[in-house]
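Asks: If you want the building blocks of each chain, they are given just below.
2 protein chains.
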Amino acid sequence: MKVFCVVGYSNSGKTTLIEKVIPILRERGLSVLAIKHARRFEVDREGKDSWRLFRSGADVIITSKETTAYVSRFPDNLEFLLEIFGRLYDVVIVEGFKSSNYPKIVVLKDEREIPKLENVVAVVSDFEVDFDPRFRRDDYEGVADFIIKKIKV
Amino acid sequence: MKVFCVVGYSNSGKTTLIEKVIPILRERGLSVLAIKHARRFEVDREGKDSWRLFRSGADVIITSKETTAYVSRFPDNLEFLLEIFGRLYDVVIVEGFKSSNYPKIVVLKDEREIPKLENVVAVVSDFEVDFDPRFRRDDYEGVADFIIKKIKV
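Residue numbers (our numbering), protein chains in the order written: chain A, 1 to 153; chain B, 1 to 153.
Just chain A, with the same shape it has in the complex:
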């Protein structure tokens, strides 16, 4: 088990949780891939070479000494993306994709009820919920430890 979906309503704090947990996982020597859904996004800026090449019909890789970016026409198919990229990392943290079957960490902010989802493995909330384990919203170490423990199983 190395894929975890962090799910919750918008503004529940999913991105912040992920952003804080990642450096802890990195400190423990793990490589991490984060996957995020987006309605739409810009592929670089108009007029730049990478944009021209993408517009011409190719998928594009721009690579430098320290960073490589890849823009493709692949759709938001999580299984497909994990098949290509998942094997390159120790842990994959997915934001959203709540209808997938991967293990889910549910973030609750104001809602008192855990949404009915498949394969919930942990809940993050500042109030008591009927789920174990439950981590407080600022317990980034706790969530990171939980993920590491699950990976090693």
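Just so you know, the hints here were simulated from the structure itself, not pulled from any lab data. Since we're looking at a predicted model, the values are computed, not measured.
Pairs of lysine-lysine, PhoX-like flavour, derived with a Cα cap of 20 angstroms: (1) Lys20(B) x Lys48(A); (2) Lys65(A) x Lys98(B); (3) Lys98(A) x Lys109(A).
Among the chain A residues that face chain B by a calculated CB cut under 10 angstroms, a handful are: (4) Glu27; (5) Ser31; (6) His37; (7) Ala38; (8) Arg55; (9) Asp59; (10) Ile61; (11) Ser64; (12) Tyr70; (13) Phe85.
Glycine included, each C-beta is placed from N, C-alpha and C at the ideal position.
Model the placement of chain B on the given structure of chain A, informed by the hints.
Replies: Okay, now just chain B, sitting in the frame of chain A:
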């Protein structure tokens, strides 16, 4: 043979050539990956979630219905990139990487001499050169046909 490096001095017209050849390859039913070198580039804009996740130490995928972007800490190692991404496409057109061993299409603008490079397979120039095949700089169909013929070998 499905990887071609388009090489030449800066401003020789490499990107324009690639940009014009790609739609022709696409029309013939081929999927194309373009790889380009860059000194540095921006990973989305500051403050956006994808930037936050990348800065936190993870490599990042942002995916939408029609497009998927992936930003990694991989260096500009052409063999490595081709190993991961090359198999997903019918043709890979690389801009630059003139010291690689892949087949090279040399674009000449003002220079009258073909640079001494390994594995030159075609020259693009508007003047006579001692190389066969040679294509005029606006002969995009010719270059596309040449690539298609080489792929099928």
